[in-house]
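Engineer: Sequence:
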Amino acid sequence: MDIRLMKFLRKPKFFGTNEIKPWHHFLFWSVYFIFNTFRWSFIHNDFLLSLQTNLIGFPIHMFLAYLNAYYLMPVFIYTQKYVQYVIYILLALFIMLLIKYNLTYYLVSTDVMPESLDVIDSLTVGYAVQTMIGEVYVISFFTAIKLTIDWLRESSKLHDLEKRQLKTELRFLRSQISPHFFFNTLNNIYSLTLEKSDQAPEVILKLSELMRYLLYATKKQRQDLTSEINCIRNYIDLERIRFDDSLKIDMNISGNLDDCSISPMLLIPLIENCFKHGASKNIGEMKIKIDVKVEDGFMDFKVSNSIPNVNKEYVYPIKRGGIGLSNVKKRLELGYGKNDYDLKIFEENKMFNVFLKLKVI
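The UniProt record's numbering numbers the first residue of the sequence shown as 1 and each following residue consecutively.
Warning: the hint list may mix true and false statements.
Said to hold, decoys possible - Here are the simulated distance ranges between beta carbons: (1) D300 / E333: 18 to 26 angstroms; (2) F182 / Q221: 24 to 32 angstroms; (3) F182 / L147: 52 to 60 angstroms.
Simulated from the structure, these hints should not be mistaken for laboratory data. Ideal Cβ placement from N, Cα and C applies to all residues, glycine included.
Working from the sequences, and respecting the hints, build out all of it.
Structural biologist: In C-alpha cells:
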C-alpha cells in the first residue's frame with residue numbers, strides 16, 4: 001500500500017461515519033414523497049388526488065421497505081433461506097395490497113387505479129399485479145440504497161483495520177535490529193570497562209544515541225535523512241570495536257541532505273547484513289563500502305561488502321532472501337509508491353552489492 005492510498009483512506013467518509021441516522025430516513029422519504037406526488041399529479045392532472053393516494057401509499061411503501069431491509073433479508077437471505085423469504089415477501093405484499101385497495105376505495109375514490117383507461121372498482125388480477133410490481137420497485141430501490149451504505153460502512157471498517165495493521169507492521173519492521181547486535185555491544189562495553197578503557201564512555205554514549213533513535217524515530221512515518229545517516233555512523237562505530245583492524249569501512253556522502261526525509265531505520269538492515277553475513281563469516285581482511293548520493297530529490301544508496309572467504313558450499317544468505325533484505329523490501333512496498341524506489345541486488349568483483357534509489361523529497 002503506497003502513500004497515495006493511505007492519503008485516500010484519510011479522506012472524509014461517506015455520511016460522516018457511514019451510519020444511517022434518523023434524519024437520513026426522513027430526508028429520503030420526504031424527497032421521494034414530494035417527487036412522487038408531483039409526478040402523479042401531472043399524470044392524473046389532479047394534485048389533490050395524487051396527494052391523497054400518496055398519503056395512503058407511502059406508509060405502505062415504508063412498512064414493506066423496512067420489513068424487507070431490516071428483517072426479511074437478514075433473517076432469510078443472509079442465512080440462505082430463499083424459499084422462506086419468497087413466501088414471506090409475497091405474503092407481505094398481498095396483505096399490503098388488500099390494505100391499500102380498501103383504503104383507496106373507501107377514503108379516496110372507488111376508481112382505485114385512475115391511470116388505467118378503464119374504471120377499476122374491484123380487486124382485479126391486473127390491479128393486483130401492477131400494484132405489487134410498484135411495491136417491489138420501491139422495496140428494491142430502498143434496499144439497494146441500504147445495501148450500498150452497508151457496504152461502504154463495512155469497507156470503511158476494513159480500511160481502518162488495514163490501516164491499523166499497516167501501522168503496526170511498519171513499526172515492527174522499523175524496529176527490527178538484531179538482538180545479537182545489542183548483546184555483542186554490551187559484551188564489548190563490559191570488556192572495555194574491565195580494561196578501564198577510555199573508549200567505554202564514548203561507546204556507551206553511541207549505544208544510547210542509537211537506542212534513543214530506535215525508540216523515538218520508529219514512531220514517525222518519515223525521519224530526516226541526516227538523522228538516519230548519523231544513526232548509521234553510530235551503528236558502524238559500535239561494530240568497529242568487534243573487528244578492530246580486520247575491518248575496512250569506506251563511507252562517502254555527497255549531495256545536499258537538507259529537507260530530505262526517509263522512512264526511519266530503512267537502511268540499517270542493509271548495513272547490518274554486511275556485518276552479519278559478511279564480516280562475521282570472513283577470515284582475513286573484510287571490506288565494506290557505503291556510498292550515499294542525493295541528487296534531484298532522489299538518494300542513491302549503495303552498500304557493498306566482500307564475499308566471505310569460507311568453503312564453496314556456503315551460500316550468501318541475503319541473496320536467498322535474508323531477514324534484512326526481506327525487511328527492506330516489505331517496507332518499501334508498504335511505505336512507497338512503485339515509482340518512488342528501485343532496489344537491486346548483485347555480485348560483482350567478489351563483492352556483494354545492494355543498490356537502492358529512493359525518493360527523499
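Engineer: All hints are to be evaluated individually against the structure, with a verdict given for each.
Structural biologist: Here is what the structure says about each hint:
In this structure the supplied range 18 to 26 angstroms holds for D300 paired with E333, their Cβ-Cβ distance being about 20 angstroms. Restraint check, F182 to Q221: a C-beta distance of roughly 25 angstroms satisfies the suggested window 24 to 32 angstroms. Range check, F182 to L147: Cβ separation about 54 angstroms, and the 52 to 60 angstroms hint holds.
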